[in-house]
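Construct all of the structure, not just a fragment, from the sequences and the given hints.
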Amino acid sequence: MSASHTQRTTSSVELDRTASWYESSARTRVRLLLDPGSVVEFIGPEKREVSPHLKLFDLPEQFDDGIVVGLGRLDGSPVFVAAQEGNFMGGAFGEVHGAKLTGLLRAARDIGSVPVLILFDTGGVRLQEANAGELAIAEIMRAVIEARTAGVKVIGLIGGRAGCYGGGGLIAGCCSALAVSEQGRISVSGPEVIETNRGVEEFDSRDRALVWRTMGGKHRRLLGGAEVFVDDTVQDFREAALELLSSIRAFGIDTLKAEQSRLEDRLQRFGACPDAVDIWTAEGIPDAVSIPALPADQFIALADKVRRSSRDAR
Amino acid sequence: MEDLNFRHATRQRAAGTRKLAVIGVVASGNLEVLAERVLPDSECLVEIRTAAAGFGEVWDAVIADFVKGYSPGGLRFSINDGGARPDTVSLRLAQAARLMEEDDQ
Amino acid sequence: MTLDDILASLFPDGHDVKNSGGVLSGSGALRSGGRALVIGVADRTALGVDEAIRLSNYVLASVESGNAPILVLADSDSQRMSKRDELLGLNEFLAHLAKSLIYADMHGRPAIGLLYGHSAAGALLATALATRVLVGLPSADPAVMDLPSMARVTKLSIEVLQEKAKSTPVFAPGLRNLAQTGAVHLTWDEATPLAEQLDTLLANMPDARDRRDALGLERGGRPKAYAIAERVRELALQAL
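Protein chains in written order, with the working numbering: chain Y, 21 to 334; chain W, 5 to 109; chain H, 43 to 282.
Any given hint could be a false lead.
For lysine-lysine, the following DSSO-like pairs were computed, each having C-alpha atoms within a straight-line distance of at most 30 Å [as the list claims (entries may be wrong)]:
{"#": "1", "chain 1": "Y", "residue 1": "K75", "chain 2": "W", "residue 2": "K23"}
{"#": "2", "chain 1": "H", "residue 1": "K206", "chain 2": "Y", "residue 2": "K75"}
{"#": "3", "chain 1": "W", "residue 1": "K23", "chain 2": "W", "residue 2": "K72"}
{"#": "4", "chain 1": "H", "residue 1": "K197", "chain 2": "H", "residue 2": "K208"}
If you are wondering where the hints come from, they were derived from the structure by calculation, not from laboratory data. Note that the structure is predicted; figures quoted are calculated from it, not measured.
As structure tokens, this is what we get:
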């Protein structure tokens, strides 16, 4: 390969990485996030390991069951990667989908030194295989803790269409660190679920501004629920992943005790706040109502000023 | 769900050396196409599982058009369809065929 | 069995388990010696941030004191579905509780779940499913997702869902279905003192490895999970 060709390839990769994370498919995210040509997929679509349960509901399958898992390189170093496709059944966890991530995490645990990047894009459990999906999430949570105990860094990247809901939110909470964009909503119960169960007075799921400021990336960053806030491009997520990989500390009882204090402190300080704006105000942000409209770079500067991230307490 | 298969004789072998490509997502109005270089150079096979039953003739026409335009000899296309419109199907097939024209990584 | 009956049957030599607003905490004397830490959710209480933080506190306080088992009793609702809980980061609180239980289990305090009533969704993940061995009582009625909610989302009638549920344990609520997928390891007999059954379990406690996928395969509830996870693991080890 000639030098000029290499140069052209490099700059075209840089151009590609300006792509929106939110708009990209799982495969595109993986391809652009990692070093060009470095990804080897495990049980790819050509293996046709589809869900064994969707047939019963006369629903179409996807050859990869909505998740890509593999090994690639990030700035030259090996990383395991898993990416959920939020457009296939809302990125939900089914039996095969979940088992691929479980297997990947167990391999990382066995090796002990190769980090795992999880590109979340999920509504939670796939209803048509709810029991298998729920259990898959339980197994993944356990596998994340086993991997972290073995010294593995597990990073979650959240900024997809489906957000990170239900059991996906719990897995995210088990990760070593999270990077989130504004679009990357993190929550257990989704807006529609709260409204259906508790009424529109409790939560109006059609009030998009309410959804974003309660569950969106900016609030999660200010609250300490995510370490890093990023703009919605593949390049920004790549830089965040590299930054987090270089700063994560070991996981152990001290981590959990620090998290206990961190969460107790949060309840004490913000437990009576009726809205995200009240929490931001209590955090000392002078013009809290302007947060949702703030461009990413200004928000990042502000967040870095008001709140240290919680990277030793997760 | 409905299964449809279309086998065509092709004028020539599909260009490139890539063995495998996948494009698209299974969602309402969308589809995924998996292309594999596994057939003799003079053949093309398209296997479809679709959520929208009863459109066999439309598929027949779309695929005949595609084979005529691209002559994807040696390729098998496997499609999971969430009920995409014919123009979306044509687009995805063309994208898959173009990806296969690349050289293997 | 009521909660009081269950505690009395588990700990004939006495216990000091308190129920405060649906959050259980305390300990029980084991016949084999020592005291088990007992935590849990009772009275079909929803698991929100306030409940979860108390439970994780009990677990973490116990990690560095002894090696007796942790019993996690569950008769809960789902996670608390409210604006306040999500605003405060419920996912972190539930994950923290699960992490604390799993960590304790891996570090000398084996965690045993006892599902004796209802439980669902995020509450189930953060409590009963974050243990090494999950036991069900016959009266338990866990539901990852209830059929009316499923009917709404899948646009199928409850009758159709009930019909489909006859051919697979994979989606419908119930202890038996969860057991078939490998989530519930064993079901105890209410007619036999629970203390005896607990003793038997403690004497035969499996190691901390997660084998629920193999169990699901063996019981026919999850045909592919074990093989897929194992294949990915092997491919990943080889690829490096």
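Numbers of the earlier hints that this structure fails to satisfy, in rising order: Result: no hint breaks.
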